[in-house]
Amino acid sequence: MAAGARRAVYPLFQRGGPQLRIFRPNFFMLAVRPGVPQPEDTVQFRVSMEMTKLDIRNYLERIYNVPVAAVRTRIQYGANNKRNHRNQRVKKPDYKVAYVQLGQGQTFQFPNLFPEKEQDTETRSFDDFRDKYMEKEKQKEEGDPRRGGVPDWFGL
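So the sequence shown is numbered by the working numbering: it starts at 1 and just counts up by one.
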């Protein structure tokens, strides 16, 4: 151990003594947009592999005050089809997915973070101009239909 570095020494637990430390769970829960449509009262989470159904329920009810009716979990196995520069298989890590059904009358709608903007006349006219230009360029690339498939660089 270095001369300046010291180890933190916590006092022993004493009954009735003041709370000196805060214990937080070493878990994570990530709300994920589902790939297939889910009922409105169901939310999909990617959770830590160590979390149980009871842990997920307690985490949501005690920390976020969200009423939970049911919890279903599954383990998604990572893809195993890539190879690295040494031609060794590279496997993506497995992860746990939790489907949480909310309490009576609760619904969850995933937020629309990037709504479609209405185009104003300037951008619409620019898009029209760009489309016309690209169409002309494609016609130039196709060449003269009278040449019968002979390339332009080959003089007749």
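Where hints are given, some of them may not hold.
Once the Cα atoms are required to be at most 20 angstroms apart in a straight line, the calculated EDC-like pairs of lysine to aspartate or glutamate come out as [what the hints assert, rightly or not]:
1) LYS96 x GLU50
2) LYS92 x GLU142
3) LYS138 x GLU122
4) LYS136 x GLU118
5) LYS136 x GLU116
6) LYS96 x ASP128
7) LYS132 x GLU116
8) LYS117 x ASP127
9) LYS82 x ASP94
10) LYS117 x GLU135
11) LYS117 x ASP128
12) LYS140 x ASP152
13) LYS132 x GLU142
14) LYS53 x ASP94
15) LYS138 x ASP128
16) LYS140 x GLU122
No wet-lab data here; the hints were simulated from the structure.
Small disclaimer: the values here were computed from a predicted structure and weren't measured.
So, going through the hints one by one against the coordinates:
1. For the hint linking LYS96 to GLU50, the alpha-carbon distance of about 9 angstroms falls within 20 angstroms, and the restraint holds.
2. Between LYS92 and GLU142 the alpha-carbon distance is near 45 angstroms, which puts this suggested pair outside the 20 angstroms criterion.
3. The hinted pair formed by LYS138 and GLU122 fails the criterion: a straight-line CA distance of about 24 angstroms is larger than 20 angstroms.
4. Simply put, LYS136 and GLU118 have alpha-carbon atoms about 27 angstroms apart, too far for the 20 angstroms limit, and the pair is violated.
5. With a C-alpha separation of about 29 angstroms, the suggested pairing of LYS136 with GLU116 is violated against the 20 angstroms cut-off.
6. Between LYS96 and ASP128 the CA atoms are separated by roughly 47 angstroms; this puts the pair beyond 20 angstroms, and the hint is violated.
7. As the CA atoms of LYS132 and GLU116 are separated by approximately 24 angstroms, the hinted pair breaks the 20 angstroms bound.
8. A hinted pair counts as satisfied when its Cα atoms are at most 20 angstroms apart, and LYS117 with ASP127 qualifies at roughly 15 angstroms.
9. The straight-line distance between the Cα atoms of LYS82 and ASP94 is roughly 15 angstroms, inside the 20 angstroms bound, and the hint therefore holds.
10. Proximity of LYS117 to GLU135 is assessed by CA-CA distance (about 26 angstroms); at most 20 angstroms being required, the pair is judged violated.
11. About 17 angstroms separates the Cα atoms of LYS117 and ASP128, which keeps this hinted pair within 20 angstroms; it holds.
12. A hinted pair counts as satisfied when its Cα atoms are at most 20 angstroms apart, and LYS140 with ASP152 qualifies at roughly 11 angstroms.
13. A C-alpha spacing of about 16 angstroms is found between LYS132 and GLU142, which places the hinted pair at or below 20 angstroms, so the restraint holds.
14. Of the pairs offered as hints, the one joining LYS53 and ASP94 holds, with about 18 angstroms between alpha carbons and a cut-off of 20 angstroms not exceeded.
15. Distance restraint check for LYS138 and ASP128: the Cα-Cα separation of roughly 16 angstroms lies within the 20 angstroms cut-off, and the hinted pair is therefore satisfied.
16. For the hint linking LYS140 to GLU122, the alpha-carbon distance of about 27 angstroms lies beyond 20 angstroms, and the restraint is violated.
Violated hints, in rising order: 2, 3, 4, 5, 6, 7, 10 and 16; the structure is consistent with all others.
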